[in-house]
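Asker: For reference, the chains in residue letters:
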Amino acid sequence: MGREFLDLLERHGYDFFTGVPCSLFEGVTRILDDEPRYGYVSAVREDAALGLAAGAYLGGRQPVVLMQNSGLGVSINALVSLHQIYDIPALLIVSWRGQDGGDAPEHLIMGRVTAPVLQLLDVPYEVCDPPSMDAQLHALTATMRRTRRPVALIVPKGILDR
Amino acid sequence: MNRADAVAQVAAALAPDALVVACNGMIGRELYTRADAPTRFYMIGSMGLASSIGLGLALVQPSRTVVVFDGDGNVLMNFGGLASVAAARPANFHHIVFDNAAHGSTGNQRTISDRVPLDEVARAAGYGRTARVGDAGQLRRELGSWFDAPGPSMLLVTVDRQNVAGIGRVEPEPPEIAARFRAACTR
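So the sequence lines, in the order shown, correspond to chains A and B. So the first sequence is numbered by the numbering used here: it starts at -12 and just counts up by one. So the second sequence is numbered by the numbering used here: it starts at 2 and just counts up by one.
If you are wondering where the hints come from, they were derived from the structure by calculation, not from laboratory data. Do not rely on the hints blindly, as some may be mistaken.
Derived list of chain A stretches under chain B, where covered just means 3 residues or more per stretch with a C-beta under 8 angstroms from a C-beta of chain B [as the list claims (entries may be wrong)]: (1) 25 to 33; (2) 37 to 48; (3) 61 to 75.
What you are looking at is a predicted structure, and each value in this text was computed from that prediction instead of being measured. Glycine is no exception: its CB is placed at the ideal position from the N, C-alpha and C atoms.
Just chain A, same shape as in the assembly (with noise of 0.2 angstroms):
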């Protein structure tokens, strides 16, 4: 499924590719690592990933960025300081460790939180669903493009993790 993913976003025209990994995308990080034409960028904090994203937009690219949701919280500051006050677009993959209670601790709270951390943020965002991915994604990067703010799509277990 990653390399269907990863065609799928460069069809909807995202062609900068950074972030934090997860085992629920391992399947598409394993390509983006192992194929260079993707110039994958291996970020070492997921707000980094924000700013690597946001200066490959300044030069003329559509990043997308990969992150567990864990990471969530770790990009707030530069979703709200940087890309939303800048019109700076980004695609967030955001995995979803902790999704429905079972996963292990440290994944429980950002779990339950993860959706509402988005609304609260005003990231429109989407929870993957495989046979309607492909409109959702239009959907997302209508929106991303109308807005110029980020976008999320929500990735739960089992989808892409191979």
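Please build the complex by placing chain B on the supplied structure of chain A, with the hints as guidance.
Answerer: For chain B alone, coordinates are given in the frame of chain A:
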């Protein structure tokens, strides 16, 4: 040396098409007041991320010189940013750090850069070229050819703690800063 003069001195040494990402706080405000241009991006929030923004830009615009105007507080806040620059080794990336060992815009509270030499950290991480200067004459000598040699480089300029008078805020609204900078980057 006062920081505003040091900022202006570095800005004056840049080629007209060099792209500058300035950190938040007094350094960006001083650059705006002394040497504004469409080729400047003033990061007013997201403290720490100027080096990450500059790295992202340098990677997608390899034919342009990218210069990050940074401060010690910013560098310390995103220490991993130094590692990312060193790992990516962009030849077009130059890091200028104005180091007063203090948080200038919140009341000059001390940082820890008096005990942790940021230029040595950058060199250890893998920056190809680093130097430390402490007065206008030394700065002038380094600036004579600094941007002619490849990066990633770090030029650390030790500056006074005092803020000089007459430095305003960055006036354009953030979307305007981003739009004009993006146009200058992609021209």
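Asker: Hint by hint, note whether the structure agrees.
Answerer: These are the hints, each one checked on the structure:
| no. | hint | verdict |
| --- | --- | --- |
| 1 | 25 to 33 | holds (count 5) |
| 2 | 37 to 48 | holds (count 12) |
| 3 | 61 to 75 | holds (count 9) |
In this structure, every one of the numbered hints holds.
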